[in-house]
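Trainee: These are the residues of each chain, in order.
Protein chains: 2
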Amino acid sequence: MAVNLSPPSVLEPIAGVRLASTRAIKSKNRDDLTVLAIDAGATVSGVFTQNRYPAPPVQVCRTHLGVDKTNGDIRGLAINAGIANAGTLGRGLHDAQESCRLLANLLGCEARQILPFSTGVIMEPLPMENYARGLQRCAGKLIHDNWLAAASAIMTTDTVTKGISRQVQINGNTITVTGIAKGSGMIHPNMATMLAFVATDAAIPAPLLAQWQRDIVDDTFNAISVDGDTSTNDSFMLIATGKAGDGNHTVVRDAIAGVCAHLAECIVRDGEGASKLVTIRVYGGSDKETCLRVARAVACSPLVKTALAAGDANVGRFLMAIGNAGGNFVPDCVTMHVDSTPVLFNGGLHSEYCEEKTAAVLAMDEIMIVIGLGKGAYEATLKTCDLTARYIEINAAYRS
Amino acid sequence: MAVNLSPPSVLEPIAGVRLASTRAIKSKNRDDLTVLAIDAGATVSGVFTQNRYPAPPVQVCRTHLGVDKTNGDIRGLAINAGIANAGTLGRGLHDAQESCRLLANLLGCEARQILPFSTGVIMEPLPMENYARGLQRCAGKLIHDNWLAAASAIMTTDTVTKGISRQVQINGNTITVTGIAKGSGMIHPNMATMLAFVATDAAIPAPLLAQWQRDIVDDTFNAISVDGDTSTNDSFMLIATGKAGDGNHTVVRDAIAGVCAHLAECIVRDGEGASKLVTIRVYGGSDKETCLRVARAVACSPLVKTALAAGDANVGRFLMAIGNAGGNFVPDCVTMHVDSTPVLFNGGLHSEYCEEKTAAVLAMDEIMIVIGLGKGAYEATLKTCDLTARYIEINAAYRS
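Chains as they are written, first to last, in the numbering used here: chain B, 7 to 406; chain W, 7 to 406.
Take every hint as true, because none was put in to throw you off.
A few chain B positions that, by computed beta-carbon distances, are all more than 12 Å from chain W:
(1) P19
(2) D45
(3) G72
(4) G78
(5) A117
(6) A138
(7) Q142
(8) Q217
(9) K249
(10) G251
(11) N254
(12) T256
(13) E362
Residues on chain W that point at chain B, a partial pick, calculated with CB under 7 Å:
(14) I128
(15) G329
(16) G354
Short derived list, chain W residues pointing at chain B, Cβ under 7 Å:
(17) N57
(18) T236
(19) T312
(20) A395
Since the hints were derived computationally from the structure, they do not count as laboratory data. This one's a predicted model, so the numbers in the text were calculated from it and none came from an experiment. The C-beta atom is built at its ideal place from N, Cα and C for all residues, glycine as well.
Please construct the entire structure, taking both the sequences and the accompanying hints into account.
Mentor: And the structure:
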C-alpha cells in the first residue's frame, strides 16, 4: 500500500553502463542478482551505513574504493537481494571477496575493480554456487537499456520499483542521470541509506563527485526515516562514466540531487505498511542540528506516527514529541502548522486551533508538518511515513 | 492483554496517609479523581519528567517542593486521570494552582502544601467545576484503608491496577511500604516515569529520602521502556510519614526499592499491546552509560520488538540494533544469549546457534536477553515489551 507511488515506465540508458539481472539467490519467482558493468574511465563514489556492524560487502566496497571512498578504476558491481551477507564474519568476508573475483574473471578485470552489494535477511550465508552461476548468466547478456529490470531485481520488501531519469543540456550535449534504489524498512537517517545506484554519462572528477555526493546525501537519503532502524548494508553509489562530456556544472549537480531526492521520497512512500507520506519541516533554528533533532523526535515517535495513521488530531502528542528533542531551542517559542492550519503557538494550543480542520488535514495521505523554533535562520526537512498495523504484520508475521 | 499480571488483592494502609477517590473528570463508569491526605510531620520527595514541556501540575509540584525537590510540609496530593492538563499554558497553570487552593481549603492547610498531578490526554483543559465538586466529595470520605481504590482511579489505558506492599521489622517495629502506579504507553527511561506514589510509615529525613529516591529511580522507573516516548506528566512521589519509627535502615531502603521495582515491572507487563515481558541485561561494559545505550538500542528497535512479538528467531535484527548503539564497545567482542541459548559470539553467529532452540525461547511470554560487551565490569538491565498490532490499534483507533 505505497503512498501515491507508481513504478517508472522508462529509465534512460547511460552510455558506459550495461546491466543484466537473473534469478540466483532465494527468490522463487523473480530476479534477485544484478550485474552492472562500467566502461573504463568512469569515476565512482560511495557512502555507506554508519551501523557498527557493516556487512562484509560494505567492508569490501570501502577497501576497493580506498580511503577517500572514490576510485577511478571500478569496472563492475554485483548486487544481490534476499540475503544481506551481514553478521557473517570470516565466511561472509570470504564470500564477498570471492564474488569480486568471480565477476572480475567474467568482465576481464581485477577483483579490486569490483564492488559487491547485498540486501535481505541478516546472518544468513550466500549460496555461492548459485551466485557464481548467476553471475555467469548475467555476464552473457549485459545491455545498456536494462535499468528497469535492475530496479526490480534489487527489491526486498519493496512493493514498487524505484527509479528515475533526468536529462540536462550542456553546450548542445545531452547529459543523462539515471538512478535506482531499494528500501522499505530498517530506514533511518544519520547514515547513507539503503541501496541506491545513480549513474550519469557526464565526466565528473572523482574528488568533485565525492563532494557532491556528501552534500546531496544529507538532504536526500539521510533526510528520511521509516522505522528508526539503520541497516547493516546501506550503500549509495554514484557513477560518472564521462561518455557525454564535462559534467562540472550546477545543472548536472542539480539533476543528480533531483534524482536522489526522488528516490529517497520513493523509499518513504513505499515504507513498510505506510499509508501516508509525512514531510516535517523545522525552521527558525539557531543551528541545523537542532532543527534535525526536533524533526527526528517527531518523525520517530510511535505515538505521533499512530496518530497520523488514524488521522486523529491528538495534537498533544506532537507537543510531547517536540519536548523530548534535545538541542538549542526554547519550548515556549515553538509554533506548529499542519499544512496551513495553525496548531501550536508559543508552546501551547494556537488561539485559532480548530480540531475539525486539523483532523481533515491529518486525514489526507500527504501531510506537511511545519514547526517553527523562532530562534534563527536554520532549517531542516525530514520525510517519514505513518505507523500502521500493516508494519507489524510485515515484520512480525514472517521473515522478510 | 497484560503479561502475567494480576491486580494486587491487598494494599496495606500507611499510618499518616488517608485516601479517597471519586468520579469527576471525564470517565463515565469509574473514579478518576483521587485525594491523598498526609498528616503533619511527613517528608515528601519527588522526581519528574525530563520532557521539555512539563505539564503545569509538574511545574507547580516543582515549585511547592522547592529547589531540592523535598519538602517536610506537604499535606495533600490531588491526582486526576483522563486529562493531563499539559500544553495548556497560562490557563493550565491557573487550574493547577487553583486545585491546590481548593484542596488546601478542604484540608485546612496552605496551597503551597498541596501537590497536583494529572494524567490523560494532552492539551485539553480540566473541567474545574466538576473537579472542585469532586475534591469536596473526596475530602468528606478520607480513610486509611483505601489504596486499592486509588490504584484503580489513577489509571488511563492501563488494563490492570498496579500496587504492592512490603513490610519489614526494625527493633520490634513493623515498617510498611505501600506503592501504586499507573502507566501503559508513552513510557521510556531517561526521566522519572509516569505516575507513581510510594508511602512508608517510617521516619526518613528529607535529604536522605531524596537521595534514596534518586538512587532507586535509575534502576526501576528509569529502567523500563514501552514505546520510547517520554510523557509530559511523569511524576514519582515518595512519602515518609514517620508514624512507625526511624526508617534510616538498609532494610527500609531495600523495601522501598523493591516496591518501586515491582511497580516498574507492572507497567511494562501492562504496556500497551504487550504480549511479552522482555528483560535486556547488558554486562561487561567499560562504563554504565555504554551498557544502557546498548540495552536501549535493542529495547527501542521496532524490528527487534516485532520479531519478539512473532517469536521469530530473526537474530540478525539484534545485531543490527546493537550496531546502531553509540558508546564505548568493540562490535567484534559482543556476545548474546536468549535465556541460556547462545546466539551471538564475537559479533557473529555463535557456533552452537540453533534456530529451533532460539525460536522456542522467543516464543515464551517472558524472555531474558543477555548481551556481553567483553570490556569491563559495568552492567545495566532494562525491561521492555514487544510491539504488536494491538499497540497500533490502541493508539491509532481512538484517542486514549
